[in-house]
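Chains Z and C, in that order, give the protein sequences.
If you're matching positions, the first sequence starts at 1 in my numbering and goes up one per residue.
If you're matching positions, the second sequence starts at 407 in my numbering and goes up one per residue.
For the record, the hints were derived by calculation from the structure and aren't laboratory data.
Accuracy of the hints is not assured; some may be wrong.
[Stated by the list, open to error] Quick look at which bits of chain Z chain C covers, simulated, 3 or more residues with Cβ under 8 Å:
| hint | segment |
| --- | --- |
| 1 | 4 to 11 |
| 2 | 215 to 228 |
[Claimed, not checked] Per the computed footprint, the stretches of chain C lying under chain Z, defined by three or more beta-carbons under 8 Å from a beta-carbon of chain Z, are:
| hint | segment |
| --- | --- |
| 3 | 534 to 546 |
| 4 | 570 to 581 |
| 5 | 744 to 751 |
| 6 | 777 to 788 |
Even glycine gets a Cβ: it sits at the ideal position worked out from N, Cα and C.
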Amino acid sequence: MPMQTNLQAADTIDHVHEGVIYSPFHRRTSAKNINQQWSVWNGYASTKYYADAHLEYFSTRNTCGVFDVSPMRKYRIKGPDAEAMLNRMVTRDVTSQAVDTVAYNIWCTDAGKLIDDGTLFRVSEDDFWLCAADPNFDWLQLSAVGFPNLEITDISEDLASLALQGPTSCALLKAMGFSGIENATPFSIMRFPFGAGEITISRTGYTGDLGYELWVDPADAELLWDQLFSVGQVYGIQPLGEDSLEMARIEAGFLAPDVDFHGSLHTVDRGHDHSPLELALGWIINFKKGHFSGRAALAKEKAAGKHRRLIKLDIEGNKPAENSILYCDKGCKKTIGYVTSAMWSPVVKANIAYGLVEGQYADGPIWAEIYHQKELRWVRKLAQCTRVTKPFWAPERARQTPPSDC
Amino acid sequence: MKSKYDAIVIGAGHNGLTNAAYLAKSGLDVLVVEKNDYIGGAAVSRELHEGWLYSNCSYVCSLLRQSIHRDLNLTRHGLMIVPYSGTTNFSLNGNYIAEYGDHDMQYREIKRHSLRDADAIHRYETDLMRYAKLIRHFLLRTPADPTSFKPRDLGEMMFMAKKFAGMGEEQVYEFMRFMTMSAGDFLDEYFENDLVKALYSTSSIIGTALGVYSPGTAYVLLHHVMGDVDGAVGAWGLARGGMGAISNALAGALKEHDGEILTEAPVAQIIVKKGCAKGVALEDGREINADIVVSNLDPKRTFTNIMDAADIPSDLRKKAENFKIRGSSGKVNIALTGKPDFPSLPADHKLRNGSFQFLDSMERMERAYDDWKHGRWSDDPFIEMTQSSVWDPTLASPGHYFVSCFIQYCPAEVEGGWTPDKRDAFGKTVIDQICNYSPNFRDHIAHMEVRTPFEIENEIGLTEGNIFQGELTIDQLMFNRPFPGYSQYRGPVKGMYMCGSGTHPGGGVSSACGANSAREILMDLKRPNVVPEDDVDE
Numbered sequence: 001m002p003m004q005t006n007l008q009a010a011d012t013i014d015h016v017h018e019g020v021i022y023s024p025f026h027r028r029t030s031a032k033n034i035n036q037q038w039s040v041w042n043g044y045a046s047t048k049y050y051a052d053a054h055l056e057y058f059s060t061r062n063t064c065g066v067f068d069v070s071p072m073r074k075y076r077i078k079g080p081d082a083e084a085m086l087n088r089m090v091t092r093d094v095t096s097q098a099v100d101t102v103a104y105n106i107w108c109t110d111a112g113k114l115i116d117d118g119t120l121f122r123v124s125e126d127d128f129w130l131c132a133a134d135p136n137f138d139w140l141q142l143s144a145v146g147f148p149n150l151e152i153t154d155i156s157e158d159l160a161s162l163a164l165q166g167p168t169s170c171a172l173l174k175a176m177g178f179s180g181i182e183n184a185t186p187f188s189i190m191r192f193p194f195g196a197g198e199i200t201i202s203r204t205g206y207t208g209d210l211g212y213e214l215w216v217d218p219a220d221a222e223l224l225w226d227q228l229f230s231v232g233q234v235y236g237i238q239p240l241g242e243d244s245l246e247m248a249r250i251e252a253g254f255l256a257p258d259v260d261f262h263g264s265l266h267t268v269d270r271g272h273d274h275s276p277l278e279l280a281l282g283w284i285i286n287f288k289k290g291h292f293s294g295r296a297a298l299a300k301e302k303a304a305g306k307h308r309r310l311i312k313l314d315i316e317g318n319k320p321a322e323n324s325i326l327y328c329d330k331g332c333k334k335t336i337g338y339v340t341s342a343m344w345s346p347v348v349k350a351n352i353a354y355g356l357v358e359g360q361y362a363d364g365p366i367w368a369e370i371y372h373q374k375e376l377r378w379v380r381k382l383a384q385c386t387r388v389t390k391p392f393w394a395p396e397r398a399r400q401t402p403p404s405d406c
Numbered sequence: 407m408k409s410k411y412d413a414i415v416i417g418a419g420h421n422g423l424t425n426a427a428y429l430a431k432s433g434l435d436v437l438v439v440e441k442n443d444y445i446g447g448a449a450v451s452r453e454l455h456e457g458w459l460y461s462n463c464s465y466v467c468s469l470l471r472q473s474i475h476r477d478l479n480l481t482r483h484g485l486m487i488v489p490y491s492g493t494t495n496f497s498l499n500g501n502y503i504a505e506y507g508d509h510d511m512q513y514r515e516i517k518r519h520s521l522r523d524a525d526a527i528h529r530y531e532t533d534l535m536r537y538a539k540l541i542r543h544f545l546l547r548t549p550a551d552p553t554s555f556k557p558r559d560l561g562e563m564m565f566m567a568k569k570f571a572g573m574g575e576e577q578v579y580e581f582m583r584f585m586t587m588s589a590g591d592f593l594d595e596y597f598e599n600d601l602v603k604a605l606y607s608t609s610s611i612i613g614t615a616l617g618v619y620s621p622g623t624a625y626v627l628l629h630h631v632m633g634d635v636d637g638a639v640g641a642w643g644l645a646r647g648g649m650g651a652i653s654n655a656l657a658g659a660l661k662e663h664d665g666e667i668l669t670e671a672p673v674a675q676i677i678v679k680k681g682c683a684k685g686v687a688l689e690d691g692r693e694i695n696a697d698i699v700v701s702n703l704d705p706k707r708t709f710t711n712i713m714d715a716a717d718i719p720s721d722l723r724k725k726a727e728n729f730k731i732r733g734s735s736g737k738v739n740i741a742l743t744g745k746p747d748f749p750s751l752p753a754d755h756k757l758r759n760g761s762f763q764f765l766d767s768m769e770r771m772e773r774a775y776d777d778w779k780h781g782r783w784s785d786d787p788f789i790e791m792t793q794s795s796v797w798d799p800t801l802a803s804p805g806h807y808f809v810s811c812f813i814q815y816c817p818a819e820v821e822g823g824w825t826p827d828k829r830d831a832f833g834k835t836v837i838d839q840i841c842n843y844s845p846n847f848r849d850h851i852a853h854m855e856v857r858t859p860f861e862i863e864n865e866i867g868l869t870e871g872n873i874f875q876g877e878l879t880i881d882q883l884m885f886n887r888p889f890p891g892y893s894q895y896r897g898p899v900k901g902m903y904m905c906g907s908g909t910h911p912g913g914g915v916s917s918a919c920g921a922n923s924a925r926e927i928l929m930d931l932k933r934p935n936v937v938p939e940d941d942v943d944e
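Isolated chain C, as found in the complex (with noise of 0.2 Å):
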């Protein structure tokens, strides 16, 4: 390590790691400082059992912009993204409702539950894909300043307004209305069956402390789905190795252009001088001074932890106090010494390698809110089970399987603070949801990881917890994101940052977020620009 950088960026999570990734590339000399003695954050692989990588905070992969991986030679780095499929939806009594990658199977299995609505899903899908497709132009854009006349803010809200306006008149009222709108007054206007609509409701809420029936939901649903694995937009996919395999394979992209990384050397404080950042000051004592320092933490931690209050405007100190970053989700990963069995499924069908819910109605789902709401963790939660490892032969040997459970919801505080005991007692109110539908899981689990918000911030340091580092609600996205006036990835004095998913385009592992903000910092340091264009298709 040396005492001075070009640039030094605080966080190795995906983002940091992406920013600094192409500040590197640019010819600086970067140094990534991480608090842990591992790096990736919350896109991070860890053998927490022996014989068991657990892929233990995020879990999918499906907005990691390509031309990122395509620019960075990420392949070559080590990563590769495999496609996985089926969902299945039980109910209390064990049927279910599945989904399948083939259109017409997925036309006849929501027609057991509805023939008008396995007809509707077309509709449906067509009205949030011409969505998805306009927001995918923004991805891998900074957000204009609607207020500036700049050329360049000019220039990014003519190039919205044609995007908008391509959509035609009426779509443009019905996008208006959408980007309101609840995901279950959404999905009300196309399907009729309870289960139908439970199936395509569940992404609106993932990570975010809202119900299904909550205005604003509807986006986060597009959220979910505005994301591709080659080209499939909509799709998920797995990090090969776990979402690790992400965070490793942008170290070396990293490392490849002399980018330097130290961990378990958390920061105290973002050094300024005179209205400029002049390096950061770690908690054991060191200082390393760099003229520009880009924080990957979430904005609430940024601002109110490692800023000094006296450094920055009051009234930025009070956007981030108030931003809304609420705790809302747990995991709970397991390894397992046998495969799940759900005596509902024929033996050998295909849907016993896929992803698991349990969810019969968004009345149900309104339910487990409110439990959030009075704080305490759902007494009916929410559970997306994925079995990793029948897609990844890197996470487990033969014959055993690691499996990673979503929880909605789970709060940040519950009355006492949480103890290992509370969190043991949320652990098992998941197993047994999971033991509702398949008896004898209990007997299969080798070691469990029970994360609630709690220690979801402790570990991984998202303020409560909060996967997206701040709700996707539509006062703090694209221009409001994180907070109005600071959505160009520029922190309050010169030479200061943000690249956390707490900036445009917001959560997921994505990369956008971090290769925006380098763009920026590039265009301030009138370098030519390295961060490439976003390869949406027109």
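The shape of chain Z in the complex, shown without the other chains (with noise of 0.2 Å):
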């Protein structure tokens, strides 16, 4: 006989929800959101623009504006091992790191290919969240393997969050009462009562700017919105979607995944993932630490110096050279590599663009093949790179304490 069931009726069931899901803000940023364009970011309805992208994409350089981080994917790790076994897991030294700071981190596979880049905030000695754009529990959980003293937790759902960017963004924290954030460091973490509880001030961000991380108890989120916006009318404030971080964290220098580089773990083909040394990460390996996962394959590789290199581009013309190959030849003879991020910079006036190339070729000419349309019409063109070493926006304000503006 079969084996004897015992249904349970369906309502008692917690069925997976059918079509995207919301941030806590969903109720804030769909109001302002007037042509409802939205995309999806692990699951979660996000705003690629709310009226004026343009404008949005201003207000992280001239004034502030507001993106829901929501949906990024944060866990917490603690206990007496996380130092250590984040330590092993990640290519900086963790072990130097203050309480209350945030520091930027890679981790990569065994291999030294790169798995996922995020931030790492020490709340306190044995206590850390790592924030990442894409889902890394189960590699968490891998790279646990023999630290059995300590605990990890998916807390995405239990934090809702807000990056506040732009000049004006230290005076609008300061008049909304979070006196002495003025001298919040980059890269540290302040506490402030907030709401029921308390709000996590981080000056962290995405666009190279002045800015700030704010996270709060979801049942906070509302409450955070609407102070931002009223008390932030006055120092210009808007929101921003997708677009305009897009056009901000390009000019930033900072990568995207799954835009700029291929995640190792989800790479079938040989090849098509990447080491940090590629992606011009190699400020952020630290070979003194002792062991760390990849460790051996990227002093081999750093040794070698052979691999490709990403390098930012400026390039002539003001077509951006989005999907383009490279050439190292006007007569596009020999392809040396493709843009992986491209646009014009309205605030540099550049035409901007990171390109994957082979090593050999990153110090010699490089020429984009371009396709963009007249009218419709298709036209392609050749254009001359200009390598460029420098982030392409890097405004003084963003590292000085107090903030210029503040």
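Assemble the dimeric complex from its two separately framed chains, guided by the hints.
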């Protein structure tokens, strides 16, 4: 006989919600998203732009803008082994990271290929938050093998978070009553009473400008949004969608997963993933700290020096080099790589891009094959590229404490 | 019917028809002989109850080579492969795990059962996709003979070596492990939740007389995800009009090139004279001549039934007798007057249109296998129930439904032999299992067809009712399929060939075996190749 069943009724089962899910700010963001321009990020409805992408983008450079980062995946790693476990997992030295600071981090496979990047918050000696654009719980568990004295929890749903970015962001937070925020140094964390509990403010962001990320209990999400927009009116506050943020992050020189790099654990074909050295992330690989995942492979690759290179390009003309193939000659005889991100930068008035090229061609001439439309008609052009070593946009105020406008 | 053809293909299953279509396309005079009064073999649609079209053997399609579909103009001959979606796998308490096409919904669905597994699914799918992409290079190619120094075999070995090495050193090791592993061990390396593992384990034992923890079943799992629907690797579709639409379209292509089909013409023997195939002798005494004879029957039947032992090497006869082609699956096809109700799913939920399985854990599957080992059908059988007519309006009239149930395990032989009573008792076990989850299912049944391996063997001609024409274990794959030394579709006598699923790349409605075999035949005849390459995207 088949085994005996004991069926639950449909209404007692936690069926998965069909379609997009909503962030704690959804009632507020959807009210402002007047054209219903949505994309989906980790299953959440995420605004592409609210009313005017160009205007919203400029708020990050001119006033301040707010982006809902709640769909980010957030994990808490807590316990006596947390520091040692994370130190083996990521490429930077976690043992030297001070409490109440944040560090941009990457983690690799043993083959030295990049899995993902994210920000590591040290909230106390043995308590860390790791924030990343994509899920990483499985890798955290695999990385914790041999470290029994810690607990890893997904706190993604426990925190509502907003990025407040732009030159007036510090002044706005001060006006909201978070006095002393002007003394927060880049990558530091401060806490203030807020709503029924507490707000955590980190001086972090994805725009390369002065900016903060605000973390609250989801129950206080709408309160935070409302206060920002009422006090922020005189500080030129704007809501930011993904389109604006994407522009700001390219100007700032930040990488986007699944755009500029393909995570190693999701890569089917050899060579389609990347080492952090290729992605110009050598500056956060600490070879002195002892063993970490990927160390041996990365040391070998660094010594050989033959890896591909992600480089910043300033391209002649004003047509963005989106999806372009890169060549070392105008005759397009030799393909040397491709463009990963490209845009016309409104703030620096330049045609900028990131190109991933074979190492030996990184310092030579580079030509981009650009396809663009003139009233629907497709036109091909070859544009000369100039390699740039500094971020396209890096204002002084992003590093000053207190910031100049505050 | 003429008395002489250039080539005779025995068996109008989909591979036989594919083979014949290509031979005809090349300009040969071709005849397909079929024992039944209908064509299609196990890719067949028949009106077994008035108003219901039964796709009663194979029931879903993923492996059919797109380049053959395109090359033979099968769409013009009436074929359309349509996608369907949503598998719900119930546990005993009515809760379930479902498969969704949407990436984010799938994540949240698995997360209901295990957060870690929701994350690990991406790593699992990436690794499986890597192996699928590798195997897909070889589907429309003849396996290389690794012992041969012929330029062509050396070239094929190089091709294979290149594809392997292309995965990278570490992945070569991983792939070798994978090929010899059990699906259970493979899944245990990624997942922690029993229900999640159960969901992904089911394709590892379909049609296979092994348990989820038997070595080699990881490959069977891969065999079920290496197909595609419009480039979505791993996806499955339905042939509009049932699987018979595939055979009918292939027959259309054959006729377009002036090929002929003779039904109700069971073959008694392949005629061999002086070491050369000379035609076939039908059971009714008629003889038809041809210098090319292609068997689409399984290797065991081919070399033990329709070839005289005196005509073939004794070691081949022994290999054929030892060929692993054990029956382990049954089918119950059901005409329903109402849509099955699954009270654990909300009314109008999308999943109600999909397929259903009833498996809590791999352990339950292993126990179902234990019954088979003891010569009994599983007391607690694994069932995959596909509601084909929800997606294909041609199978039943509006408001009526056709569902196809695939059952694992059911032995080819039971104590005292199969009888109609035992067959019906097997069918009752299956309906009881469904009713456990859909209590009023029985009330909707207008007609049903129960098929044990005994029925499948007798109707379709597959030895022991084995759906793959021989098990997909590593000892019977690639250059060992069906036997070492016979993997390049050539039989032991000149002019005799094989083209069934018993040859590379194995079972499933792929048309690849028939096409590969046709390419070899044309090569021997020194005729230009008309068989397309696979359209595997690099």
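Status of the hints after comparison with the structure:
A stretch counts as covered by a chain when three or more of its residues have a beta carbon under 8 Å from one of that chain; for the segment 4 to 11 of chain Z and chain C the count is 8, and the coverage holds. Chain C is given as covering the segment 215 to 228 of chain Z, and this is violated because 0 residues of the stretch bring a CB closer than 8 Å to a CB of that chain, at least three being needed. Here the segment 534 to 546 of chain C counts 3 residues with a CB under 8 Å from a CB of chain Z, which clears the bar of 3, and the coverage holds. A count of 5 residues in the segment 570 to 581 of chain C with a Cβ less than 8 Å from any Cβ of chain Z is obtained; the coverage claim is therefore met, three being the minimum.
A stretch counts as covered by a chain when three or more of its residues have a beta carbon under 8 Å from one of that chain; for the segment 744 to 751 of chain C and chain Z the count is 3, and the coverage holds. Given as covered by chain Z, the segment 777 to 788 of chain C passes the check, having 3 residues with a CB less than 8 Å from a CB of that chain where 3 are the minimum.
Going down the numbered hints, you'll see the structure goes against just number 2.
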